[in-house]
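Engineer: Take a look at the letters that make up each chain.
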Amino acid sequence: MNKKDKAPLIRIAKRSKSVLSPAKVWAIRIASLVIAIIIGGIIFAALGANPFSAYGLILSSSFAKATGRRQVFKLMIPLLGTALALAPCFKMRYWNIGGEGQITMGAMAASYFALFWVDRLPAPVLLLVMCLAGALFGGIWAAIPAVFRARWGTNETLFTLMLNYIAIGIVAWLQGGPWEGKPGSQLIPQFKDKALLPRVMGVHCGWIIVAVLVVVMYVYLNYTKHGYEISVLGESENTARYAGMDVAKVTVRTAFLSGAICGIVGFMLASGTNGSLQSTIANGAGFTAITITWLSQLNPFAMVAISLMMAVLSKGSGNVQTTYGIPASISGIITGIILMSMLACEFFVNYQVFFRRGKEEGR
Amino acid sequence: MDQKTIDPKHIHAKEQAVDMRGITKRFGPVVANDNIDLYVNKGEIMALLGENGSGKTTLMNMLAGIYMPDEGEILVDGRHVTINSPKDALACGIGMIHQHFKLVDVFTAAENVVLGLEEGGRLDRAEIAAKVSAIADKYGFKIDPNKKVYDMSVSEKQTLEIIKVLYRGADFLILDEPTAVLTPQEISHLFDVLRAMKADGKSIVIITHKLNEVMEISDVVAVLRKGRHIKTVRTKETDPNALTEMMVGHAISLDIERQSYDKPVPRLTVAGLCCRDNEGVSKLDNVGFVAYGGEILGVAGIAGSGQKELLESIAGLRHVTSGSIIYTPDGRVPMDLVGKTPMEIRDSGVALAFVPEDRLGMGLVGGMGMTGNMMLRSWNRGKGIFVDRKSPEKMAKEVYKNLEVATPDLDFPVSKLSGGNVQKVLVGREIASSPSVLMSAYAVRGLDINTSYVIYDLMQEQKMKGVAVIFVGEDLDVLLELCDRILVHCAGKVSGIVDARTASKEEIGLMMTSIGGEEAAGE
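Which chain is which? The protein sequence lines are W and V, in order.
61 is the number of the first residue of the first sequence in the working numbering; add one for each residue after it.
131 is the number of the first residue of the second sequence in the working numbering; add one for each residue after it.
Simulated from the structure, these hints should not be mistaken for lab results.
Worth double-checking, as some hints may not be accurate.
[As the list claims (entries may be wrong)] Listed below are the simulated EDC-like cross-link pairs for lysine to aspartate or glutamate, each with C-alpha atoms no more than 20 Å apart in a straight line:
no.: 1; chain 1: V; residue 1: 272; chain 2: V; residue 2: 330
no.: 2; chain 1: W; residue 1: 285; chain 2: V; residue 2: 346
no.: 3; chain 1: W; residue 1: 285; chain 2: W; residue 2: 306
no.: 4; chain 1: W; residue 1: 285; chain 2: V; residue 2: 474
no.: 5; chain 1: W; residue 1: 151; chain 2: V; residue 2: 330
no.: 6; chain 1: W; residue 1: 285; chain 2: V; residue 2: 518
no.: 7; chain 1: V; residue 1: 287; chain 2: V; residue 2: 274
no.: 8; chain 1: V; residue 1: 328; chain 2: V; residue 2: 346
no.: 9; chain 1: W; residue 1: 285; chain 2: V; residue 2: 541
no.: 10; chain 1: W; residue 1: 309; chain 2: V; residue 2: 614
no.: 11; chain 1: W; residue 1: 285; chain 2: V; residue 2: 477
no.: 12; chain 1: V; residue 1: 470; chain 2: W; residue 2: 306
no.: 13; chain 1: V; residue 1: 513; chain 2: W; residue 2: 306
Bear in mind that the values here come from a model prediction, so they are computed numbers and not experimental data.
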């Protein structure tokens, strides 16, 4: 019954969810990942490297040796931790893009105890105090914009973003001023061993904390009253009020929780990875985590896989740079392509494309 | 296939304005329109009748260029056409007035009319205003071309939408449920206008499920059921019962049997209630009434004259500036609900099955399934940090069974259910909490007949249990049949409370537009 006259070339129709089995949805997602990797390969080729050996190098440099693996895990810990921290906020449709600042403030608070209380407290107590101080400061840093939003309806996206720069500025000031080690060094001294996180299986024990957090966050979001409040509020503030929820309280509490986890990540970065505090300590984790949280669709277990992938790309690109002379920013480009194609694939999960002639389903 | 059911004399009697042949439209696995053959004659008003989800709007959207048919062809004035966009539709002379108006609030009527037209030259507001007025005069519309849309009432906005398509030269108009938001007086005015347009040779399709309106305005009635065209009949040759049977597929009684509850007791005494909206505009002004347990108190009024605010105030969702709401539960001390939190009010037995303008905006969480939505009431119960899923799940199963909710499973997002089913979930949950005051607003908006009657029965059932039911409704016929008393709202004030057994529709209509109903009597 198809007409030959001028029907549109491409027609887009919404799929009903029941059409696609979960397996098919995942097939589409994996296919889009493959496409992204192929496009990345084309870029490698354009820059004069064999894509297969370049990807091979990325993988082998990450996994072939124990040192590579350790480095990957070190990179992965803050990414995964921050992604987990952002999940409740994003579920609430509260756009916390201030992870960077919350990490920095957490690291600063932890560093205070590492620098000035190290001789007065036994090691386990010191580390615990550092962790709690990091959580508290990160939490407060995130709660400030939440309070403003709850009371005066300010925009949290802009607010959290701006607080990043203030946090980094504060640490930069400490670095060159009151906390400076050798005069003129512009550096804060290295922590004493007592204030460093112990290693477990070659990597600082922060990975255990993050691994526990994955499970805790999954349970928190899906099975607790708080998690339920967050999902309802994310869908509709009116419904939340109707159900008798205290919107302001839930907003501030969730933001605090998110910031507190970021703060703990900051503590781990200072005490575990760097052994000191720098204004650049977060090193973009707060932003990369946004991508991870988004790609994982707020599923903590998916975050593990995606942050691992990000860490591998970031680690491997360094080696690609030295071997092929390709700038390490290639990892950023590939990450961008993956993000784009993942977003595009959600379109194909939700919509169906018909072409004029047949009834073939577009992919 | 349906041709044989149509009176053959009818086909040749008049010229066809639009002829749809073998139209099929699918959404995923759902067949919204199944091989529909339908034509509309010039100079006729056709009522397109069908329950919710029967495919009326979908079918008309294909004429209006919103959707493309998967199969079938459309003929306008005997020519084959392909309608890819609303622009194409207007080029064929087809214009549709949607349920949700598509107007720019800060523009005037005239500006909205020319918006999107690709006419060369300067924007001559005076000339446009003159043209708009000319169209309005021709058919008897009342409109001020220089009035801003945000100052307009719903009926003025609708008028503007109609003028917009007439200005673009449409001679085939489709109106999607145009009367849902109008007062009786406004409806009769709209019908006058439609008749004037018909006399001018225009063809009109009016999508509706109100049978009395079908009988009043239409020349022919086309009935759709579950995406199929059941029959087209001349209005003169049919009656509401026959139409209902075609619509539903079996005979049902259209009467609501109003039962009487013996011993009504005062349950909710509202006095001097005032409240303002977020901009500080007064929404309720000295509202007072008594709601009795064992009666249904109807609330009538033009949309936006304070019904929503009244229910929200009682439920504790809105800040009350003055007044009292005394709630008298059985065998307990009366308490003032003003100043209590929504949670405390609910726990004391005042339930709100509130259906706001969009059903999912409040009261339900669209992305969650039935179980998740049942939890909205109980999520805070019990000790510990974990939310109890067991009892909401049990409740969801009961609502699913008792109200026959059509859902694939209890975790299927309610936003993907049809309007009727969404409503059942909401009302079912509120009733399941065995309240002693049950408030519902627009409980049957957009629902099909069957489901509407299920909801009415549920309300009556609650009333017979001694519950004080407050029922904010739109359809005055229904309010008159279902309720015991009707409170009429006018601009945030109580215009009067009438006995539903003796009051007339016209009387209530007048009270809706002026306090006590006197001033507007001349209109």
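Engineer: Are the hints correct? Go through all of them and say.
Structural biologist: Evaluation of the provided hints:
Using a Cα cut-off of 20 Å, the hinted pair residue 272(V) and residue 330(V) holds, with the two alpha carbons roughly 18 Å apart. Restraint check for residue 285(W) and residue 346(V): the C-alpha separation of about 54 Å exceeds 20 Å, so the hint is violated. Restraint check for residue 285(W) and residue 306(W): the C-alpha separation of about 13 Å stays at or below 20 Å, so the hint holds. At most 20 Å may separate the alpha-carbon atoms for a hinted pair to count; residue 285(W) and residue 474(V) meet this at roughly 18 Å.
Restraint check for residue 151(W) and residue 330(V): the C-alpha separation of about 56 Å exceeds 20 Å, so the hint is violated. With a CA separation close to 8 Å, the supplied pair residue 285(W) and residue 518(V) stays within the 20 Å bound. For the hint linking residue 287(V) to residue 274(V), the alpha-carbon distance of about 11 Å falls within 20 Å, and the restraint holds. The straight-line distance between the Cα atoms of residue 328(V) and residue 346(V) is roughly 14 Å, inside the 20 Å bound, and the hint therefore holds.
Distance hint between residue 285(W) and residue 541(V) is fulfilled; the C-alpha atoms sit about 18 Å from each other, no more than 20 Å. Restraint check: the Cα-Cα separation between residue 309(W) and residue 614(V) comes to about 42 Å, which exceeds 20 Å; the hinted pair is violated. Our distance criterion of 20 Å between C-alpha atoms is met by residue 285(W) and residue 477(V), whose separation comes to about 18 Å. Restraint check: the Cα-Cα separation between residue 470(V) and residue 306(W) comes to about 13 Å, which is no more than 20 Å; the hinted pair holds.
The suggested pairing of residue 513(V) with residue 306(W) holds, with an alpha-carbon distance near 18 Å, which does not exceed 20 Å.
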